[in-house]
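> Using the sequences plus the hints, can you model the full thing?
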Amino acid sequence: DAGVIQSPRHEVTEMGQEVTLRCKPISGHNSLFWYRQTMMRGLELLIYFNNNVPIDDSGMPEDRFSAKMPNASFSTLKIQPSEPRDSAVYFCASSRDAYEKLFFGSGTQLSVL
Amino acid sequence: TQLLEQSPQFLSIQEGENLTVYCNSSSVFSSLQWYRQEPGEGPVLLVTVVTGGEVKKLKRLTFQFGDARKDSSLHITAAQPGDTGLYLCAATSILTGGGNKLTFGTGTQLKVEL
Numbered sequence: 469d470a471g472v473i474q475s476p477r478h479e480v481t482e483m484g485q486e487v488t489l490r491c492k493p494i495s496g497h498n499s500l501f502w503y504r505q506t507m508m509r510g511l512e513l514l515i516y517f518n519n520n521v522p523i524d525d526s527g528m529p530e531d532r533f534s535a536k537m538p539n540a541s542f543s544t545l546k547i548q549p550s551e552p553r554d555s556a557v558y559f560c561a562s563s564r565d566a567y568e569k570l571f572f573g574s575g576t577q578l579s580v581l
Numbered sequence: 004t005q006l007l008e009q010s011p012q013f014l015s016i017q018e019g020e021n022l023t024v025y026c027n028s029s030s031v032f033s034s035l036q037w038y039r040q041e042p043g044e045g046p047v048l049l050v051t052v053v054t055g056g057e058v059k060k061l062k063r064l065t066f067q068f069g070d071a072r073k074d075s076s077l078h079i080t081a082a083q084p085g086d087t088g089l090y091l092c093a094a095t096s097i098l099t100g101g102g103n104k105l106t107f108g109t110g111t112q113l114k115v116e117l
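Listed in order, the protein sequences are those of chains F and E.
Using this note's numbering, read the first sequence as starting at 469 and increasing by one per residue.
Using this note's numbering, read the second sequence as starting at 4 and increasing by one per residue.
I should point out that these hints are in silico values taken from the structure, not numbers from a laboratory.
Every residue, glycine too, gets a C-beta built ideally from N, C-alpha and C.
Be a bit skeptical, because a hint or two may be false.
Below, in silico cross-link-like pairs of lysine-lysine (BS3-like), each with a Cα-Cα straight-line distance of 27 angstroms or less [as the list claims (entries may be wrong)]: (1) E:Lys59 with F:Lys546; (2) F:Lys569 with E:Lys62; (3) F:Lys569 with E:Lys73; (4) F:Lys569 with E:Lys59; (5) E:Lys60 with E:Lys114; (6) F:Lys492 with F:Lys569.
Chain E is nowhere near these chain F residues, computed Cβ spacing over 10 angstroms in every case [as the list claims (entries may be wrong)]: (7) Ser475; (8) Glu479; (9) Gln485; (10) Thr488; (11) Gly496; (12) Glu530; (13) Asp531; (14) Arg532; (15) Ala535; (16) Ala540; (17) Gln548; (18) Ala561; (19) Leu570.
So this is what it looks like as structure tokens:
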């Protein structure tokens, strides 16, 4: 299995620009999670989908952040407009069902200048 | 929100030494997981502990869950350079809509030198 696939691996953009991060979960997994990792705050859960439906988005920082899961094999996390404080590594993870082991992707390193 | 404090924050040791990493909270955990994260990669699950007092071994790694399920430790025997990485504990809580929410600890960065 290819594992959880995230793209791009690195993204450098300027403040105010729109950023879209992409994730392909492991085939057959029906739960998908977006996490953000920074030195100051560690790993934080942003949003969780189960069967393509958002279940918990309480971790989404503000309205500039949005996430979608149009089908079982694809999810996006969008930041519009981006700000320097959004700079972090964003991870996508999936699991077979809501209570099983999480498999993480390799992350997207985002730098907002 | 559960707050998970890990100690030490950084640890640099020589190959062959033993070490212990701690994960503490004032809250009771339903279960706790330990992950290892290498540079440029996502965390990888090492073990899940569920029962108070539980001890699990994974080769040279020994994981213990406190009797009161508020703390956990990871002990590495005869550390090797391949053990280098960021060690994260994560506590699980049940989401209202179903599923687990993992709250991660602050992390312990381990470096094992030759």
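> Each of the hints needs a verdict: does it hold here or not?
Hint check results:
1. E:Lys59 with F:Lys546: violated, 40 angstroms
2. F:Lys569 with E:Lys62: holds, 20 angstroms
3. F:Lys569 with E:Lys73: Satisfied, since the Cα-Cα distance of roughly 21 angstroms is no more than 27 angstroms.
4. F:Lys569 with E:Lys59: holds, 17 angstroms
5. E:Lys60 with E:Lys114: Measuring from Cα to Cα gives roughly 21 angstroms; hence the hint holds.
6. F:Lys492 with F:Lys569: Distance of about 17 angstroms is within 27 angstroms: holds.
7. Ser475: holds, 14 angstroms
8. Glu479: holds, 15 angstroms
9. Gln485: holds, 24 angstroms
10. Thr488: Answer for Thr488 (chain F): holds, closest chain E Cβ roughly 19 angstroms.
11. Gly496: holds, 16 angstroms
12. Glu530: holds, 18 angstroms
13. Asp531: holds, 21 angstroms
14. Arg532: holds, 22 angstroms
15. Ala535: Holds, because the least Cβ-Cβ distance between Ala535 (chain F) and chain E comes to about 15 angstroms, which exceeds 10 angstroms.
16. Ala540: Holds, since 16 angstroms exceeds 10 angstroms.
17. Gln548: For Gln548 (chain F), whose nearest Cβ neighbour in chain E is about 25 angstroms away, the distance exceeds 10 angstroms, so it holds.
18. Ala561: violated, 7 angstroms
19. Leu570: violated, 7 angstroms
The structure is inconsistent with the numbered hints 1, 18 and 19, although it conforms to all the rest.
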